[in-house]
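So you can see what is in the structure, the chains are spelled out below.
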Amino acid sequence: MNDLEEIRSRHGRLVWNTVCRILRDYTESLDCYQDVFCEVLERTPQAEVENWPAYLRWLATRRAIDRLRMRQRRQGRFDSGDVALVQTSNPGPSETAQLNELVELLRHELTNLPQRQAEAFWLNCVEGMTYEEVGRQLGIDTSTVGVLIHRARRRLRTVLMDPRQGNCGEGDHRHE
Amino acid sequence: MSNPDNAQGDALLEQVIEHLRQQEIPDFPDPEITVRENAKKMTSSDRPISPLWRMVMDRRWQLSAGAMVGLAALLGFLLLWGGDMARPASAMERMAEAVRKAKSYKYTSNVKGWFTEKPGGPRSTTETSTTKYWLAPDSLRLDYTLLGDKWKGPGPEMSNIAPGLNKWKINIDNSAKTFRRMPPNGRRYFSPLDRLDSFGSFSGKADRELGSKKINGREALGFVIAAQKIDPFHPLETMEIWIDRQTNLPLFIHCVSETENGSIVEDISNIQWNIDLDPKLFDLTPPPGYTDVTPKDVVGYLLQALRGADPAYRSIAACSLGKMASPTEPVISGLRKALSDSDKGVQAMAAWSLGQLGPAAKDALPDLQKALNDEDPNVRSAAASAREKIEHRGK
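These protein sequence lines are chains A and B, in that order.
If you read the first sequence in this note's numbering, its first letter stands for residue 1, the second for the next number, and so on.
If you read the second sequence in this note's numbering, its first letter stands for residue 1, the second for the next number, and so on.
Since the hints were made in silico from the structure, they are not lab data.
Mixed in with the good hints there might be a few duds.
[Claimed, not checked] Using C-beta positions, here's what the derived DEER-type ranges look like:
#1 E132(A) - E391(B): 12 to 22 Å
#2 R71(A) - Q304(B): 28 to 38 Å
#3 R208(B) - G139(A): 46 to 56 Å
#4 L284(B) - G139(A): 36 to 46 Å
#5 L74(B) - E42(A): 26 to 36 Å
#6 G300(B) - M70(A): 26 to 36 Å
#7 G139(A) - G308(B): 20 to 30 Å
#8 G289(B) - M70(A): 55 to 65 Å
#9 E42(A) - G308(B): 43 to 53 Å
#10 G139(A) - E388(B): 23 to 33 Å
#11 S340(B) - G139(A): 31 to 41 Å
#12 E101(A) - D138(B): 42 to 52 Å
#13 E50(A) - Q304(B): 29 to 39 Å
Cβ atoms here follow ideal geometry from the backbone N, Cα and C, with glycine treated the same way.
Between the sequences and the hints, there should be enough to build the whole structure, so can you do that?
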């Protein structure tokens, strides 16, 4: 328990930042934050974790994307989460508003990507983990990480350029 | 790949990612206070008490006594009814444990299904019969035949033999009478019987029991796991597993997987556990008279692939060169050129591979230095890491 508390006090902020970035909903982020540490307590053999920050980033990303997908299924529509969090108190120029919309579109499209693609993309492109770190967490080799990220980027690029390409509410591609 | 739309899309994607990173994040909550603890505090003082709850509280002693009687009756019923029946939860746990301890196995898998390259595209069907042999710690052999094909035997149509994680492998094509040797790629194998090992995580969550029946003269206990109900992203939709009551090892498995891109039904049968497997099964000697179709120059082949049309393959080729090639001039030169590839993924992978080659790749340092200023964070990060490896190992 002390170990967990130590892990939480050392890396809690990292988990919080990751789940907030993905979920953009304060209450849900709190729940997800707690889920991550409950899972660490219940299921993770602590001796086997070599790199806690990388492991927690991955776990937080996975659980937050799970929640995002569930939210999506439950609501069956494009949901921008907690709007109060998305909009800053000082609304910027129209470019910022447009970028905010695109960020929401990206977040939404993340739920349409196959699970590993979404995780690899997020961990590498947003969280800044290296291919090797991502590969180690996902249990795949570096070349596969490259392929997953390449495909995710291709898909996201297409959707950002033409949002009509997005498939709101379509099924998952679980076999990636 | 020099499609201007792609470049524009990439730039937009980078801009959006950067904006996402910059978005405000609410203050980090006090880590000592959890949501559930807050919820508990709420129930004790803040929440209004409903009339129904008040009624329950008023009659709590009568209700408690009734509940105790009911509980005792239920317990008695369970003891009488389910005396010798293993709970699926513990059955699954025991199965996972037994699978992990296995020393060897052999089974037959029959797969039937269809798939499409893209949603809505033309369907291809597949029907395969495979015999899989596994010997601890990491020897694997697959003998398989595409059913409905022209191959009538004798023996399997194809054999893939991998005597170990870091050893060369061989793929034998009995229909063409050819063989191809494959270099070790360090790819992880799954633990025994791959997916089965992970079933342990579904402990206590089986949908329903299927009772008992005899399979190959053994008393078997069956249960169904609706995997995607538990984990929405599990690759299999449902799994029907029959385990040996005595050994807890699986005797028969029926898996169904459905996606918009395909549907696969797999039956795993004739499972034999902890048997003595002939070491010759993992022998890399090809059958006499077969033609060697191994590319004579694997590195040359990869260098050629590095100039191919598909960036995904160029990326794999770049990675493989870093893993297996010696730091010769053509390899270093090929990877240096790949640092200017039109695809950022290939560039990052080429940088990574140059790092893997170590100090011998020092000629690439100026290119890596240039890549440190690349607009793509992956390229920058891979280049920085590669430079460190080349310089550090050189000391």
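Hints violated by the structure (numbers, ascending): 2, 3, 4, 6
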